[in-house]
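Assemble the complex: chain A is given as a structure, and chain B must be docked to it using the hints.
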Amino acid sequence: MEPGAGLQQPPPRRGLGLGPGLGGGGGGLGSAGGSPSLSGPQSRRRKQPPRPADFKLQVIIIGSRGVGKTSLMERFTDDTFCEACKSTVGVDFKIKTVELRGKKIRLQIWDTAGQERFNSITSAYYRSAKGIILVYDITKKETFDDLPKWMKMIDKYASEDAELLLVGNKLDCEVDREISRQQGEKFTQQITGMRFCEASAKDNFNVDEIFLKLVDDILKKMPLDVIRNELSNSILSLQPEPEIPPELPPPRPHVRCC
Amino acid sequence: MAAPGSEAEAAMAGPEELVCAGGRNRKAVLCQRCSSRVLLPGAAVFARKELFLPAMKKKTALAGGCDPEGDILQDHWLVDDMFSFENVGFTKDVGNIKFLICADCEVGPIGWHCLDDKKSFYVALDRVSHE
Chain A
21 MEPGAGLQQP PPRRGLGLGP GLGGGGGGLG SAGGSPSLSG PQSRRRKQPP RPADFKLQVI
81 IIGSRGVGKT SLMERFTDDT FCEACKSTVG VDFKIKTVEL RGKKIRLQIW DTAGQERFNS
141 ITSAYYRSAK GIILVYDITK KETFDDLPKW MKMIDKYASE DAELLLVGNK LDCEVDREIS
201 RQQGEKFTQQ ITGMRFCEAS AKDNFNVDEI FLKLVDDILK KMPLDVIRNE LSNSILSLQP
261 EPEIPPELPP PRPHVRCC
Chain B
18 MAAPGSEAEA AMAGPEELVC AGGRNRKAVL CQRCSSRVLL PGAAVFARKE LFLPAMKKKT
78 ALAGGCDPEG DILQDHWLVD DMFSFENVGF TKDVGNIKFL ICADCEVGPI GWHCLDDKKS
138 FYVALDRVSH E
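Same order as they appear, the protein sequences are chains A and B. Counting in the numbering used here, the first sequence runs from 21 upward without gaps. Counting in the numbering used here, the second sequence runs from 18 upward without gaps.
Hints should not be assumed to be uniformly reliable.
Below, simulated DSS-like cross-link-like pairs (lysine-lysine); rule was C-alpha separation at most 25 Å, straight line [stated by the list, open to error]:
no., chain 1, residue 1, chain 2, residue 2
1, A, K161, A, K124
2, A, K124, B, K135
3, A, K206, A, K124
4, B, K136, A, K124
5, B, K44, A, K123
Rather than coming from a laboratory, the hints here were simulated on the basis of the structure. Note that this is a predicted model, so its numbers are computed, not measured.
So that you can see chain A by itself, here it is in the shape it has in the complex (with noise of 0.2 Å):
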C-alpha cells in the first residue's frame, strides 16, 4: 500500500494566504512555557486512555545528495548511530508529535535519501504529503540549481494544497557558503505560498522549527470541519519498497546562469 493511501485531500489550494510569519511572534505556535517542542515533557499523568492525536500529516524531506536531509530527520547521529549501519539499514520514517494551536498533531516524516535521481522518488511520497520540505546546501551551488528540478516533480506529483518550505542547510559552514540568503529568499518569492529559512542540522539550529513552520502553515489552511474529517479519515500505512530501485549517482544538471 501507499504511504497516505486513503489519506482525503482537502480541497484548499496552495496560494491562500498564508498570514503572518511564524517568526514575528504571531502568537499561534507556542505551546506552553515558551519554546515548543517536537518532543517536549508534556506529561500528563493520567488514568484514563491518552487522548488521540487531533491530526495526522505527512511530511517529505526532498533535495540533492548530500545536501543534509537524512540530518535533519536524524538530528542526532552519535555514537548510537554508526556510519557503516547508517547505508545499510538507517530510518526508514519517524512519528514525532507536535503541540500546536491546542492541537496535538502527529507527523510522519519520510526522508527520501538513496532516492534522488529526479523521477526515482516514487510518486506516492509526493501524493500523500500534506508538508514537503526541499532542501538545498548553502555551500554546494549545484544543489541549488537543481532546485528548479525538484519544483517540477512538486508540481506534477504533489498536492496542490501541500505546504512548501525551501531550507537551506549547513549554515554551520558559513565559511564556505556559496548561496546568499537572498538567493534563497529571491528563489521561494517566485513560488506561491512557498516559505523559506536557513537551518544546521548539525547545529540543530531552527530544526524542529522547521516541522512546526509547516505544520503551523498546514492548520492555518485548514478549516476546523476539515480537520476533524481528517481525523476519523487519515489512514497511513508503511511505504513499500521504492518501486524503482534507487540509481546513483543523480545526474548533475547543466543548466548554468549565462
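Showing chain B alone in chain A's frame:
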C-alpha cells in the same frame, strides 16, 4: 531511592507494577537514553511474546549477515496503530521486520514490527524506561 533506571525498576517491581488493571501501561514509556516520550500512560497494552531484538547500540547488528547479538525478550507494550506513538522511529525493512528506535536519539532497537501484521507494534519493556 534516587532515580532508578528502568531495568532496576522493572526487576524490583515486575511488570505488574507497570501494568494497570485494564492491562494498559500505568506509566509513560520513555527512551532510556534521552527520555524522549514514546508512549503516554494508557496508550498500550501489555503483551507477552517471544521476540528477538538485536543488541542496543550496535546498529551493525541489524545489518544481518551473520547471527547478530541480541536478546529474546518476552514482555512488551503492544499498540495496534503506529499513530498511537508519541515519538518513535522505524528502521528500513530487515526482511519483513521493521525495528523501532527512539525518534530523537535513535537508540535501539526498542521494539519490533512485522510487516505481515499491520496492527501490531511491540515495544520491549526492557528496552525503555517508565515514568
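Structure-based check of each hint:
1. Restraint check for A:K161 and A:K124: not satisfied, since their Cα atoms lie roughly 38 Å apart, outside the 25 Å limit.
2. Restraint check for A:K124 and B:K135: satisfied, since their Cα atoms lie roughly 24 Å apart, inside the 25 Å limit.
3. The suggested pairing of A:K206 with A:K124 is violated, with an alpha-carbon distance near 33 Å, which exceeds 25 Å.
4. Restraint check for B:K136 and A:K124: the C-alpha separation of about 22 Å stays at or below 25 Å, so the hint holds.
5. Under the criterion of a C-alpha separation no larger than 25 Å, the hint pairing B:K44 with A:K123 is consistent with the structure, at around 23 Å.
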